[in-house]
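Asks: Every letter in the sequence shown is one number past the one before it in the UniProt record's numbering, and letter 8, counting from 1, is 8.
Hints are not guaranteed to be accurate.
Unchecked claim - Pairs of lysine-lysine, DSS-like flavour, derived with a Cα cap of 25 Å:
#: 1; residue 1: Lys101; residue 2: Lys22
#: 2; residue 1: Lys28; residue 2: Lys16
#: 3; residue 1: Lys29; residue 2: Lys101
#: 4; residue 1: Lys109; residue 2: Lys64
#: 5; residue 1: Lys16; residue 2: Lys104
#: 6; residue 1: Lys64; residue 2: Lys29
#: 7; residue 1: Lys43; residue 2: Lys109
#: 8; residue 1: Lys16; residue 2: Lys109
#: 9; residue 1: Lys64; residue 2: Lys16
#: 10; residue 1: Lys28; residue 2: Lys109
#: 11; residue 1: Lys43; residue 2: Lys64
#: 12; residue 1: Lys43; residue 2: Lys16
#: 13; residue 1: Lys104; residue 2: Lys43
#: 14; residue 1: Lys28; residue 2: Lys64
#: 15; residue 1: Lys29; residue 2: Lys16
#: 16; residue 1: Lys43; residue 2: Lys101
#: 17; residue 1: Lys64; residue 2: Lys104
In short, the hints are calculated from the structure, not lab data. Nothing here was measured: the structure is a model prediction, and the numbers come from that model.
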Amino acid sequence: MQVCTLISGRTLEQAKGMHGGKNNDGYKKAVEKAFLSPLLLEKLGLSEGEEILLTTPYGSVRVKTCADMGLPEDVVFMPMGPMVNLLVGPETEGTGMPSFKGLKVEVDKAR
1 MQVCTLISGR TLEQAKGMHG GKNNDGYKKA VEKAFLSPLL LEKLGLSEGE EILLTTPYGS
61 VRVKTCADMG LPEDVVFMPM GPMVNLLVGP ETEGTGMPSF KGLKVEVDKA R
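Kindly generate the complete structure, drawing on both the sequences and the hints.
Replies: Below is the structure:
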């Protein structure tokens, strides 16, 4: 298990999937993944495409891994959508929008 920082944002694949609707397979495939550095994948004994369990104080999700050479070893990136929403808390700190960046997340092999 490794503790990392979770950030989320929009991806091109996600945007393309949204054109077919949020219930289509393209959109689901685009948002049901997490991007990790190859160094973190190696540290966890994982290969790209394997499932991981991500856990925050607000929930847990199982998603497939994607390697991203541009990410620091201690950062996990997820496309915005239903999967990452399960990891985000309800607090908005007066902004009306919960924080989708900078959350501490436990990363582990899915069992």
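Asks: Give a verdict on every hint.
Replies: So, going through the hints one by one against the coordinates:
1. Lys101 x Lys22: With a Cα-Cα distance of about 22 Å, the restraint between Lys101 and Lys22 holds, given a limit of 25 Å.
2. Lys28 x Lys16: holds (11 Å)
3. Lys29 x Lys101: Between Lys29 and Lys101 the Cα gap is close to 21 Å, so the pair holds against 25 Å.
4. Lys109 x Lys64: holds (10 Å)
5. Lys16 x Lys104: violated (29 Å)
6. Lys64 x Lys29: holds (10 Å)
7. Lys43 x Lys109: holds (11 Å)
8. Lys16 x Lys109: violated (29 Å)
9. Lys64 x Lys16: With a Cα-Cα distance of about 19 Å, the restraint between Lys64 and Lys16 holds, given a limit of 25 Å.
10. Lys28 x Lys109: holds (21 Å)
11. Lys43 x Lys64: Distance of about 16 Å is within 25 Å: holds.
12. Lys43 x Lys16: violated (32 Å)
13. Lys104 x Lys43: Holds: Lys104 and Lys43 sit about 18 Å apart, inside 25 Å.
14. Lys28 x Lys64: Measuring from Cα to Cα gives roughly 12 Å; hence the hint holds.
15. Lys29 x Lys16: Holds, at about 11 Å.
16. Lys43 x Lys101: holds (23 Å)
17. Lys64 x Lys104: holds (19 Å)
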